[in-house]
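Trainee: Given chain A, work out where chain B should sit, using these hints.
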Amino acid sequence: MATNPMPDRGNGQRVSFFDAIDANKRNSLLLIAFLTFLVFLAISAFALMFDMGWLGFAMGAVIAILYALFSYYIGDRALLALSGAKPVSREANPYLYNLVEGLAIAAQIPAPKLYMMEDASLNAFATGRDPQHSAIVVTRGLAEKMNRAELEGVVAHEMSHIGNYDIRYMLITVVMVGLIGFMGEIILRSLFFGGGNRKGGGGMLMLLGLVLAILTPIIAMLVKLAVSREREYLADATAVKLTRYPDGLRNALIKIRDHYQPTKAATDTTASLYFADPIGKKLTGLFATHPPIEERIKLLEKF
Amino acid sequence: MGLLVCVGGIVLVLAAALVMIFNRLVVLKNRVDNAWAQIDVQLKRRADLIPNLVESVKGYMKHEKGVLEEVTKARTALMQAGTVEEKAKANNMLAGTLKTLFAVAENYPQLKASENFKMLQEELAGTENKIAYARTAYNDSVLEYNQTIQVIPYNLFAGMFGHAQKQYFGVTEAERQNVKVQF
Numbered sequence: 022m023a024t025n026p027m028p029d030r031g032n033g034q035r036v037s038f039f040d041a042i043d044a045n046k047r048n049s050l051l052l053i054a055f056l057t058f059l060v061f062l063a064i065s066a067f068a069l070m071f072d073m074g075w076l077g078f079a080m081g082a083v084i085a086i087l088y089a090l091f092s093y094y095i096g097d098r099a100l101l102a103l104s105g106a107k108p109v110s111r112e113a114n115p116y117l118y119n120l121v122e123g124l125a126i127a128a129q130i131p132a133p134k135l136y137m138m139e140d141a142s143l144n145a146f147a148t149g150r151d152p153q154h155s156a157i158v159v160t161r162g163l164a165e166k167m168n169r170a171e172l173e174g175v176v177a178h179e180m181s182h183i184g185n186y187d188i189r190y191m192l193i194t195v196v197m198v199g200l201i202g203f204m205g206e207i208i209l210r211s212l213f214f215g216g217g218n219r220k221g222g223g224g225m226l227m228l229l230g231l232v233l234a235i236l237t238p239i240i241a242m243l244v245k246l247a248v249s250r251e252r253e254y255l256a257d258a259t260a261v262k263l264t265r266y267p268d269g270l271r272n273a274l275i276k277i278r279d280h281y282q283p284t285k286a287a288t289d290t291t292a293s294l295y296f297a298d299p300i301g302k303k304l305t306g307l308f309a310t311h312p313p314i315e316e317r318i319k320l321l322e323k324f
Numbered sequence: 004m005g006l007l008v009c010v011g012g013i014v015l016v017l018a019a020a021l022v023m024i025f026n027r028l029v030v031l032k033n034r035v036d037n038a039w040a041q042i043d044v045q046l047k048r049r050a051d052l053i054p055n056l057v058e059s060v061k062g063y064m065k066h067e068k069g070v071l072e073e074v075t076k077a078r079t080a081l082m083q084a085g086t087v088e089e090k091a092k093a094n095n096m097l098a099g100t101l102k103t104l105f106a107v108a109e110n111y112p113q114l115k116a117s118e119n120f121k122m123l124q125e126e127l128a129g130t131e132n133k134i135a136y137a138r139t140a141y142n143d144s145v146l147e148y149n150q151t152i153q154v155i156p157y158n159l160f161a162g163m164f165g166h167a168q169k170q171y172f173g174v175t176e177a178e179r180q181n182v183k184v185q186f
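Protein sequence lines, in the order shown, are assigned to chains A and B. As numbered in the working numbering, residues 22 to 324 make up the first sequence, in order. As numbered in the working numbering, residues 4 to 186 make up the second sequence, in order.
Okay, chain A solo, but in the shape it has when bound (with noise of 0.2 Å):
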């Protein structure tokens, strides 16, 4: 499975910004594929227990395509929604306008849509399909507490997921992982309540139900995990190459340690979209979303 396009963190940052979006177009390919693969699975899945035969697989290749072409043609809407994010103009805050515009020419790509989350955590998140299609959040809290060198910090870290296509890759994967994850709870949930199988036959096309249902979410959830973590560091240093100031985002990564709270729109799904851990469950290891703040701050100490 070819789907951690980065290296592990001992030289992620030798990797050249071509080289990132290179390998992020090129496995965003391979990830839309394989996660339309597993939505049919799991749609399959799900028409088997109500003994749907073949229509069923018919059903959910339609479905698991238009999903697909859903995720990422709107998919970033539907995030921007579900964060309850709101557009900030360039009135209504023209010094966060004018420093996103700025860091924008910086990495040399359009400016990206500008919005705002109503929330008192110190936390950012980008996403769209490619630079032209893009959207940087902060919360509130990042905006208010936040001085400019930090400020620049956070989102040049963002403008580096815009710049090297990391944005579409992550975008694909949370909206897909998402359904997959929900659709394998709800398999679960009526297996147990004493769903499906109504005609009391079809034992075999059952149990492959049952399998798929339980091996989907877990191939996906580990798909997720092993795109989000090591691309963060590589976004730090990106940033700094940006902003040519380490300690601006070293000051933000700090800020965010010493007064952190969770951010409440986010997730289990959207978690690893953020720029620090919306939800601060200090997982490590394997089923962390995000690299470990120290880390991250010892790391731009170096530069």
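Please keep in mind that the hints were generated in silico from the structure rather than gathered at the bench. All C-beta atoms, glycine included, are put in the ideal place defined by N, C-alpha and C. Incorrect hints may appear among the rest.
As the list claims (entries may be wrong) - With a Cα cut of at most 27 Å, we get these calculated DSS-like pairs of lysine-lysine:
id, chain 1, residue 1, chain 2, residue 2
1, A, LYS166, B, LYS121
2, B, LYS47, B, LYS92
3, A, LYS166, A, LYS107
4, B, LYS121, A, LYS107
5, B, LYS102, B, LYS121
6, B, LYS47, A, LYS134
7, A, LYS166, B, LYS76
8, B, LYS47, B, LYS115
9, A, LYS262, B, LYS32
10, A, LYS134, B, LYS121
11, B, LYS92, A, LYS262
12, B, LYS115, B, LYS102
13, B, LYS102, B, LYS61
14, A, LYS46, B, LYS32
15, B, LYS76, B, LYS32
16, A, LYS134, A, LYS46
Claimed, not checked - Label pairs and their calculated CB-CB ranges:
id, chain 1, residue 1, chain 2, residue 2, range
17, B, GLU72, A, PHE324, 26 to 32 Å
18, B, GLN168, A, TYR281, 49 to 55 Å
19, B, ASN33, A, ALA113, 35 to 41 Å
20, B, ARG27, A, LEU103, 41 to 47 Å
21, A, LYS323, B, LYS47, 36 to 42 Å
Mentor: Only chain B this time, still in chain A's reference frame:
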């Protein structure tokens, strides 16, 4: 026959190499031009903001005619500048006069309280930041371009394909010291 294939093969490889060299140089040059366009847009934006600023400040600062004239003069110089070096110089001059203007404005509480003035001040500060970022991006792309046309094999063909060293967008000593921020 074998010789012919051999020679043909070598010619083909050389031609392919030449095409690659040519394309690489074009890509780098376009990056420089594109980065320059970004600076130019921001310089123009800055120049466009000045008349509004002068207009909104004039009423309050009756005794500071000299400062305003300096700003207007620097703006005209920027509008007329042609080459990269001239523009860099004019831009630095404008930055200096604007700094004086905003420093003098500190003495006029009514002016400082004016919404219009605050908006213009933020816009000009934002534009200055954008110029700084655009300049970094530009100088980076110039560095890569200049370096490439100096190394083998590019230096053998750069002149032939019409490539020459590009100028950096300069930073003056005064501007460098500017970075210090005090609270």
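Trainee: Could you run down the list of hints and mark each one as holding or not?
Mentor: Hint-by-hint comparison with the structure:
1. The straight-line distance between the Cα atoms of LYS166 (chain A) and LYS121 (chain B) is roughly 21 Å, inside the 27 Å bound, and the hint therefore holds.
2. As the CA atoms of LYS47 (chain B) and LYS92 (chain B) are separated by approximately 15 Å, the hinted pair is consistent with the 27 Å bound.
3. Among the hinted pairs, LYS166 (chain A) with LYS107 (chain A) is consistent with the structure: their alpha-carbon atoms are about 19 Å apart, no more than 27 Å.
4. The hinted pair formed by LYS121 (chain B) and LYS107 (chain A) meets the criterion: a straight-line CA distance of about 25 Å does not exceed 27 Å.
5. Taking the CA atoms of LYS102 (chain B) and LYS121 (chain B), the gap is near 15 Å; set against the 27 Å cutoff, the hint holds.
6. The straight-line distance between the Cα atoms of LYS47 (chain B) and LYS134 (chain A) is roughly 23 Å, inside the 27 Å bound, and the hint therefore holds.
7. About 39 Å separates the Cα atoms of LYS166 (chain A) and LYS76 (chain B), which puts this hinted pair outside 27 Å; it is violated.
8. For a cut-off of 27 Å, the pair hint linking LYS47 (chain B) to LYS115 (chain B) stands: about 25 Å separates their Cα positions.
9. Proximity of LYS262 (chain A) to LYS32 (chain B) is assessed by CA-CA distance (about 21 Å); at most 27 Å being required, the pair is judged to hold.
10. At most 27 Å may separate the alpha-carbon atoms for a hinted pair to count; LYS134 (chain A) and LYS121 (chain B) meet this at roughly 24 Å.
11. Distance restraint check for LYS92 (chain B) and LYS262 (chain A): the Cα-Cα separation of roughly 26 Å lies within the 27 Å cut-off, and the hinted pair is therefore satisfied.
12. With a CA separation close to 15 Å, the supplied pair LYS115 (chain B) and LYS102 (chain B) stays within the 27 Å bound.
13. A threshold of 27 Å between alpha carbons decides the hint, and for LYS102 (chain B) with LYS61 (chain B) the separation of about 16 Å falls inside it, so the pair holds.
14. Taking the CA atoms of LYS46 (chain A) and LYS32 (chain B), the gap is about 25 Å. The hint holds against a cut of 27 Å.
15. With a C-alpha separation of about 33 Å, the suggested pair LYS76 (chain B) and LYS32 (chain B) falls outside the 27 Å cut-off, and the hint is violated.
16. A distance of roughly 22 Å separates the Cα atoms of LYS134 (chain A) and LYS46 (chain A); the hinted pair therefore holds under the 27 Å criterion.
17. A hinted range of 26 to 32 Å is violated for the C-beta pair GLU72 (chain B) and PHE324 (chain A), which are about 44 Å apart.
18. A hinted range of 49 to 55 Å holds for the C-beta pair GLN168 (chain B) and TYR281 (chain A), which are about 51 Å apart.
19. For ASN33 (chain B) and ALA113 (chain A), the hinted distance range of 35 to 41 Å is satisfied, since their beta carbons lie about 36 Å from each other.
20. Look at ARG27 (chain B) against LEU103 (chain A): about 44 Å separates their beta carbons, and that is inside 41 to 47 Å.
21. A hinted range of 36 to 42 Å for the beta carbons of LYS323 (chain A) and LYS47 (chain B) is consistent with their spacing of about 39 Å.
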